[in-house]
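Protein chains in written order, with the numbering used here: chain E, 73 to 455; chain C, 73 to 455.
Calculated from the structure, these hints are not laboratory results. Treat the hints with caution; some may be incorrect.
The list treats identical chains as one, so a pair stands whether inside a single copy or across any two.
Subject to a maximum C-alpha distance of 20 Å in a straight line, what follows is the list of computed SDA-like cross-link-like pairs (lysine to any residue) [said to hold, decoys possible]: (1) Lys153 <-> Ala273; (2) Lys203 <-> Gln181; (3) Lys300 <-> Leu152; (4) Lys203 <-> Arg98; (5) Lys200 <-> Arg144.
Number of protein chains: 2
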Amino acid sequence: MRVSGTLGDLNDMPPKSGSPTDAADRATIQDVAKAASVSVSSVSNYMNNRFHRLGTETRTRIAMAIAELDFRPNQAARQLKTGKARVIALVVPSIVNPFNGQMVFSIEQAAVKAGYRVHLCNTMRDPKLEKEFLDNLAAVGVADLITIAPLNTRRGYYSAWSDLSIVAVDANRLDLKLARLDTVNLDHEAAIGMAVEHLFALGHRRIAYVTDPLITHSRVMRLSGFKKAMKDHELDDSQAVVLERHQSALDVADAQMVEVGRDAASDVAALSPRPTAIIAFNDMIALGLLATFRSAGIAVPKDMSIIGVDDAWISQLSFPALTTIRQPIEAMASAAVERVLKPNAAPANAGSDTIFLPELVIRDTCAKPQEDAATHVRKRHLE
Amino acid sequence: MRVSGTLGDLNDMPPKSGSPTDAADRATIQDVAKAASVSVSSVSNYMNNRFHRLGTETRTRIAMAIAELDFRPNQAARQLKTGKARVIALVVPSIVNPFNGQMVFSIEQAAVKAGYRVHLCNTMRDPKLEKEFLDNLAAVGVADLITIAPLNTRRGYYSAWSDLSIVAVDANRLDLKLARLDTVNLDHEAAIGMAVEHLFALGHRRIAYVTDPLITHSRVMRLSGFKKAMKDHELDDSQAVVLERHQSALDVADAQMVEVGRDAASDVAALSPRPTAIIAFNDMIALGLLATFRSAGIAVPKDMSIIGVDDAWISQLSFPALTTIRQPIEAMASAAVERVLKPNAAPANAGSDTIFLPELVIRDTCAKPQEDAATHVRKRHLE
DNA sequence: TACAGTTGGTAAAACGATACACCTGATATT
DNA sequence: AATATCAGGTGTATCGTTTTACCAACTGTA
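All chains, please: the whole structure from these sequences, using the hints.
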């Protein structure tokens, strides 16, 4: 009798209870064929689910032999023959960025579920590193690639590896200019729209937007989303702060992202009239803003409301806990894996775009703007 | 004319300037041999750096042919023949934990530098997932494994895959009971020793220690380090709080780790006499403590000093910024890669232990204890 | 009966690199 | 002079699959 689900029984879960299973003595397809008294071809057919070529008799014999010998096809051999590996290459600026980390994590989970393994490449946005990685892909037989937040300035870059099945998360098909490309995105404009709407509903009228340079699709779209949403509410969208610093491609931990927030804080505080709320491009920048305002004695949310985007898991840790717009990471990861593995329906497929809807997560960094902004009180009449 | 080194030229860095380099038409070793008018054996020797078998003449001819054809050996074929893949399997509870994320990142960088790729497996400490992953390793020809913070309750677990070259980061050789195993560790006891010393020097005498259940080597050692260091200073070590909750093996984001901190906060505050400082097992717990004290109105570091371990990069973001004990992540990652790739010197090698020294990072969460702390603070309640 | 079609099965040639065994001259050793 | 050693190089079996071509029975039909 076996109690399952407890931590305790991890101990007695020795992998192969019987014989030692060193790689040295792994069974081959030949062994299986011999044991089942059939040809290797039949075993191969069995392994590839071509059951219509098999009689029920042989089928069960093969199944038994496989179970008996604990046969697992040698992937190297299979791959050498077919040219394809059950591996998804995952290109990401850096998993140290908590949002990317979560995305990579979820993609890995989805890939495993689909029977694929994952090759990780942290490029640091270093083109040399990325190129080297991509060049190696063919040599390893990898045909499926998911890239996260590639630079939007590299039109046609990936076309050199046109034999890959490519899915880009956080990217624009037009930016990458690639014949067959699927994208998976958040509805970035809607996301910022929700942020603006939330602040507007709280009574804010002077809203700033902070972003670092527009090097990715999401950065471009969120800014344009800000402008649109502000126009829709007939508000002044001129308080958009685009920091031009921090170009560093070698951004290890996105700690610099936080620096962006730090730097932006003074810029925003200097704006006149001072905004009552800030929307940050993402949570990292929002946290940077938050930390800086705090040490400068500007109370959040009393003196200033802040809202981020992503809902990276650390956002719940800040004080006050960060209000933010959530990306449905798991769903996006699953979609990316699904799309990259889907046999391209039409041969000259133009590619697809999958867009996910964001969700407002209300925590503690947004509040009604303070009345006592003396100079502007006059403006407020009945509304 | 080409300007290099600037960010601007990322755009015009088309990988293969000349012919399209689809996987379809990649050059094989045979093509190279033909082009250089030598035998395939010689090319193979060249590729494997067996230059002593080659004359300078042939050597340059081969080099030229390789460059000309942009030859890259097919890894699948190589692997099929040799049985070994240039891949390191990386088993980790979850990269969403920022410390693990940094460790995985650094290991990946080190592996790439050594010409290896990295297979990622987030096990969530789920033995089923891990077993499946490990079982597949042989089929893919992977022979090198780095595992991070494995459970210390699984003696002999890895012996089923004894053909692997295994390095464990944050683990005890004796715990895993594996014949040939190298470990890479922080000197955990010294780390806590430094924390105690730092607090002692500031004048603290009542110091608490908070940890979640002792399921890994580091957790065990840090606690014992705490007890030793306290004894060395002739202090009372009875204020060690081992939380028995949060056993969940399915710890997605180590957000739960923060929960541990949250829960511990009330336990610690209830201690009598109340400690003036807390050492947390790691930064995540420290941040949880910090956040909870803050919302309870207990000022850090005025009323309570807090110190963590790891120096995960987010620790600099908290307010006040967290004082902590740094692990030299890059160095540890390099060591792990180096050790796993090192051909085992002695055949019946007993394995090696590589231990790194921690470093105190002083930020803003530790201060001198308040003299009147006991009476002053007691009025306030934790909810 | 003879023919095509289907069903269930096999033999053997690849895939691309490695490594073993072997070969040929030249030089060194006795 | 005979032999050993060595540097430089080649031919080819082999790794474990997949896949193509082929075959032998059956079945039903004209």
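Quick rundown of the hints versus the structure:
1. Lys153 <-> Ala273: neither (61 Å within a copy, 67 Å between copies)
2. Lys203 <-> Gln181: between (26 Å within a copy, 15 Å between copies)
3. Lys300 <-> Leu152: Classified as neither; 52 Å inside a copy, 57 Å across copies.
4. Lys203 <-> Arg98: between (36 Å within a copy, 16 Å between copies)
5. Lys200 <-> Arg144: between (37 Å within a copy, 17 Å between copies)
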